[in-house]
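Protein chains: 2
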Amino acid sequence: MSNIAHDTEIETQSPGGCGPLFPAPDSSVKSTRQQLFEAVRAAGAISRMDLSRQTGFSPATVTQTSADLIASGLIEETDLPRRDSDGGRGRPPVGLKVRPSAGVVIGVKISDRSNSAVVLDLAGRLLGSATLPAPPTARSTEEILREAEDIVRAGLRDAGREGARPDAIALGLPGMVDFDLGRVLWCPFMEEADIPLRDLLCARLGAPVRIDNDANLLALAELWFGEGRGLDNFAVVSIEHGVGMGLVINHRLHRGGMGHGMEIGHTKVQLDGALCRCGQRGCLEAYVADYALVREAHTALNLSHQNPSADDMLETLYRQAKEGNALARTIFSRAGRYLAVGLANVVTLFDPALILLSGDRLRYDFLYAEEVLSETRTLTHRPGRPPTPVEIHAWGDLVWARGAGALALDFATETLVG
Amino acid sequence: MSNIAHDTEIETQSPGGCGPLFPAPDSSVKSTRQQLFEAVRAAGAISRMDLSRQTGFSPATVTQTSADLIASGLIEETDLPRRDSDGGRGRPPVGLKVRPSAGVVIGVKISDRSNSAVVLDLAGRLLGSATLPAPPTARSTEEILREAEDIVRAGLRDAGREGARPDAIALGLPGMVDFDLGRVLWCPFMEEADIPLRDLLCARLGAPVRIDNDANLLALAELWFGEGRGLDNFAVVSIEHGVGMGLVINHRLHRGGMGHGMEIGHTKVQLDGALCRCGQRGCLEAYVADYALVREAHTALNLSHQNPSADDMLETLYRQAKEGNALARTIFSRAGRYLAVGLANVVTLFDPALILLSGDRLRYDFLYAEEVLSETRTLTHRPGRPPTPVEIHAWGDLVWARGAGALALDFATETLVG
DNA sequence: ATATTTATTTTGGCTGTCAAAAAAATAATC
DNA sequence: GATTATTTTTTTGACAGCCAAAATAAATAT
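So the sequence lines, in the order shown, correspond to chains A and B.
Each residue of the first sequence is one higher than the one before, starting from 1 at the first, in full-length UniProt numbering.
Each residue of the second sequence is one higher than the one before, starting from 1 at the first, in full-length UniProt numbering.
Keep in mind that a hint or two might mislead.
Chain copies aren't distinguished; within one or between two, either way the pair holds.
Claimed, not checked - Lysine to any residue pairs mimicking SDA-like chemistry, simulated, CA-CA at most 25 Å apart:
(1) 30 with 132
(2) 97 with 81
(3) 30 with 16
(4) 30 with 60
(5) 30 with 231
(6) 97 with 21
(7) 97 with 16
(8) 30 with 294
Keep in mind that the hints were calculated from the coordinates and are not lab data.
Input sequences plus hints: build the corresponding full structure.
Written as structure tokens, this is what we have:
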């Protein structure tokens, strides 16, 4: 017979109701105006009917709202490339596109090698860019501010808009950045910590500013301009000095519970493993980052009497591996295996639709080798399910700035259109 | 001078526009009616003014909509507990609460030990429950359907609603479940694979059905009835036969890119590590799951001549560890260390506001020991940031069914209120 | 009793959205 | 070349939803 049992500890939950508690009214709902504007920008050029079909708004609403957006100078009519689909009968559609001069935004990336900036119009098109060498030393907040100012100015000059006041500026840098508060909690090349950089920049540059972690910028670059545009969710993993990750969930960048970046570099791939610069052992970064490879190269290449720079050392190690030096090869191959474990864990935990690998070209041959990808596939093999695709995406040096540009674009759109 | 460089590969992206591409009009927007209903349920009992303040709708709208909801028989007025805050001057507020008889839903959990069900009213209150032993053998789809029917009937009987037609039923089971398609891709105790169980159940039980992975149910139980109600995001990790995880992001259960559960159990904690039943090596599960412990117990306890059940063996191992048997202790302590690595990786990657540990009481002493939690803290230590809280949450056996109840409640709400 | 305070309802109006009809602009057909 | 078919876009009129402000209700304080 039925062995019915009551669960007494649950019975007592009555006073408070049930269901998720929402802290504030959901602010993520965009106005029709903004939705349509963004759909126009996403499409490049699109007819009113297609807009209606894509967004679900009625043709009447699209006509009205687009008239409104045109009157505001935000979009304009344009020719539409001939669509060969059905004969071409009927009234030909007229395209809508973002009016380029509706706004200007700037995306900036500050790093320990070079600073760069892109200048974009409100349609997301590149108006100009600039790259300036960055000092290799630790820098004060004041220096960072000046560098930001310089690179912004150089970018505007290249775009032929000297002295223009951008509608939004976004700046990315490595380290721990609290996006919501606009503070740099820690940055590898900054002397000070916990700096309210966003507000300082805002005051200095006379434009609204957002700051973010550079790994997030990569994800934004893919989401806005690259592979990720059509995907519900994906992860971008980048190997530079550290190992970073940006995660897009449901078409939006996910910044984690505390508002900081996702730190794949410090996931543990080995219990009691190699020492990481964070002080812990077994971090992925301690196996695949620059300094980890250099550390091993130091031993393997027997270069301890010289004192070459880290970059040179890495270069040498890389060359030797390519020439067939077994020791040098094992260094890369071990790093590669651990990288595969790290990637596999991301796949297993998040199950993203795609993983994009990004970073310095130097590393492609070894760390992004087919061997690593195949090991990742092995480690995540699930019967009956296709393996998560892992792609290597090589961009130019301006990706980061481009991602920052996307962030700025998003911000400016809210201000100008919303 | 400025070392300006153009990035040619980007210049050529013009045709397609930029920004995320949204596949379909965002369907996640709820009607005012439903938002207010859910706010009432979340609060338990709440005045119209408080409702207005919480949801951001004007008092006028709240009055109108609540009148509408009352007319539909979904909510009703109620007394409000005296609020001592300010003197108690002015017109006393009138409470609103969900009308209990507005609907009935059932949450069901099928497992390899016992099946259970809870019957809830639309306010989320427990009307009745039932638990029936489950056969330890592999079961056919037909058997699962019959068991589901039985446990639903037993639940309704316990709730004194024999023969009632529930407004929604949700069912959870271990394994791989495709929520969106309503299919069981694989379940440890089912003979067949890739079964459209949702639709089969729907036909059999005559009510709308949803099915989900049991780890997700735990997360839903916490989100609706437990610790997670007030949190933006959190993870629930459960150790049973396998190791599962449910992840709540932004007040919503995240089901992963492919729609399946997050599989923390198969994250790799050791390169070339212990063999897992999934065929791979180094999975967390291969160190902390039942069968892993039993495997080691087999060696340690020197019981190979007998043939005790896995449960008995675990019990023996546990007792011996408690009595001070060093070998038995090392088994648990190693498992604990790997669990710490697994948890640390979740913290590092997701940065959730809270991690809840859930599972069988038996395991609390060793796998959920303070030692493990402290190791997790060590492995995730970030200077300047407080450690991610990890809590052990002990529920009764009905948690899973309760989580399924939440899922059913959500479904029924949409149908009845939306 | 009267003033004060807080909650709720009523009123009137505004905004956004849509369905349906009309208009516009083309190709196909006779 | 006129007519018809087809597709896009605009116009029209109406309705739903939400709100601000005023009015009403129900209590406490004086």
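For each hint, the structure was consulted:
Taking CA atoms no more than 25 Å apart as the test, residue 30 paired with residue 132 passes in neither setting, with 37 Å inside one copy and 49 Å between copies. For the identical chains of this complex, residue 97 and residue 81 are intra-copy neighbours only, at 13 Å inside a copy versus 57 Å across copies, given an alpha-carbon limit of 25 Å. Within a single copy, residue 30 and residue 16 get their C-alpha atoms only as close as 32 Å, which misses the 25 Å cut-off; across copies the closest is 23 Å, which meets it. Within a single copy, residue 30 and residue 60 get their C-alpha atoms as close as 19 Å, and across copies as close as 23 Å, so both meet the 25 Å cut-off.
Within a single copy, residue 30 and residue 231 get their C-alpha atoms as close as 20 Å, and across copies as close as 24 Å, so both meet the 25 Å cut-off. For the identical chains of this complex, residue 97 and residue 21 are inter-copy neighbours only, at 15 Å across copies versus 40 Å inside a copy, given an alpha-carbon limit of 25 Å. Taking the shortest alpha-carbon separations for residue 97 and residue 16, only the inter-copy value of 11 Å comes in at or below 25 Å, while the best intra-copy value is 51 Å. For the identical chains of this complex, residue 30 and residue 294 are neighbours neither inside a copy (49 Å) nor across copies (54 Å), given an alpha-carbon limit of 25 Å.
In summary, the structure is inconsistent with hints 1, 8 from the numbered list given earlier, while agreeing with the others.
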